[in-house]
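K.L.:
The chain contents come next:
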Amino acid sequence: DAGITQSPRHKVTETGTPVTLRCHQTENHRYMYWYRQDPGHGLRLIHYSYGVKDTDKGEVSDGYSVSRSKTEDFLLTLESATSSQTSVYFCAISDLTGGGTGELFFGEGSRLTVL
Amino acid sequence: GENVEQHPSTLSVQEGDSAVIKCTYSDSASNYFPWYKQELGKRPQLIIDIRSNVGEKKDQRIAVTLNKTAKHFSLHITETQPEDSAVYFCAASKRENKLIFGAGTRLAVHP
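Protein sequences, first through last, are from chains V and S. Using the working numbering, the final residue of the first sequence is 743, and nothing's skipped along the way. Using the working numbering, the final residue of the second sequence is 155, and nothing's skipped along the way.
These are calculated hints, taken from the structure and not from any lab test. Small disclaimer: the values here were computed from a predicted structure and weren't measured. For each residue, glycine too, the CB sits at the ideal point set by N, CA and C. A few of these clues could be false.
List time: in silico BS3-like cross-link candidates among lysine-lysine, alpha-carbon distance up to 27 Å [said to hold, decoys possible]:
id, chain 1, residue 1, chain 2, residue 2
1, V, Lys639, S, Lys86
2, V, Lys639, S, Lys138
3, V, Lys698, V, Lys639
4, S, Lys115, V, Lys698
5, V, Lys685, S, Lys86
6, V, Lys685, S, Lys81
7, V, Lys698, V, Lys681
8, S, Lys81, S, Lys66
9, V, Lys685, S, Lys115
Simulated restraints, written as ranges between beta carbons of each label pair [claimed, not checked]:
id, chain 1, residue 1, chain 2, residue 2, range
10, V, Thr643, S, Pro126, 17 to 25 Å
11, S, Asp71, V, Leu743, 16 to 24 Å
12, S, Asp71, V, Leu703, 28 to 36 Å
13, S, Leu90, V, Val680, 19 to 27 Å
14, S, Ser56, V, Val680, 42 to 50 Å
15, S, Ser53, V, Gly691, 22 to 30 Å
16, V, Ser708, S, Arg139, 31 to 39 Å
17, S, Ser70, V, Gly691, 21 to 29 Å
18, S, Gln104, V, Thr705, 41 to 49 Å
Given only the sequences and the hints, what does the whole structure look like? Please build it.
P.N.:
If you want it as structure tokens, here you go:
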């Protein structure tokens with residue numbers, strides 16, 4: 629498995645509280661992504677990064693912000709969590725440079741419950 | 045932006061039968077079409093992909109076909125086995141590997 633870890637793996641929080649999920653990679657891949665997975669919706673892209681301090685919105689970015697101050701870390705923040713943000717969050721990495729295939733390597737997921 | 049639709053949402057087959065999952069995409073500029081498999085409680089993993097300059101690609105029991113004119117692509121699994129039971133996702137992208145996924149197909153292979 630690619631060197632990618634997510635933390636925390638499980639979190640229960642209350643509506644209105646801030647939450648930060650962390651994705652850490654040891655592969656030096658350029659691209660990092662945050663997806664959420666919900667029944668009936670598959671994997672939906674929240675935000676992605678194409679380099680340090682370079683980020684862009686995905687399909688469902690409202691209510692989320694991201695930051696990437698180092699190549700290896702990509703943070704996803706819910707400024708004020710809502711029940712609709714209860715989901716499983718997957719971080720992914722890919723590398724299109726140096727002969728990389730563009731394959732996405734996913735972390736193990738972070739299950740977030742907002743009460 | 046890109047929109048990917050996937051059908052069926054669930055598929056049940058007998059061991060040894062073939063399974064076909066179909067996806068359509070909206071952006072004619074998309075040029076990369078991977079398929080991911082997610083076993084229960086696990087992370088999604090790439091099983092096969094195809095680029096827009098290729099019409100078909102095979103890897104043992106799985107194959108993917110692409111029809112650029114109709115903007116649809118399909119996953120074919122032959123001689124299904126119980127370990128093929130999983131959720132399968134198609135995806136499409138045109139740049140920077142910004143993959144947009146379909147909603148997924150839950151495949152059940154019964155012995």
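K.L.:
Need the list of violated hint numbers for this structure, in ascending order.
P.N.:
2, 4, 10, 11
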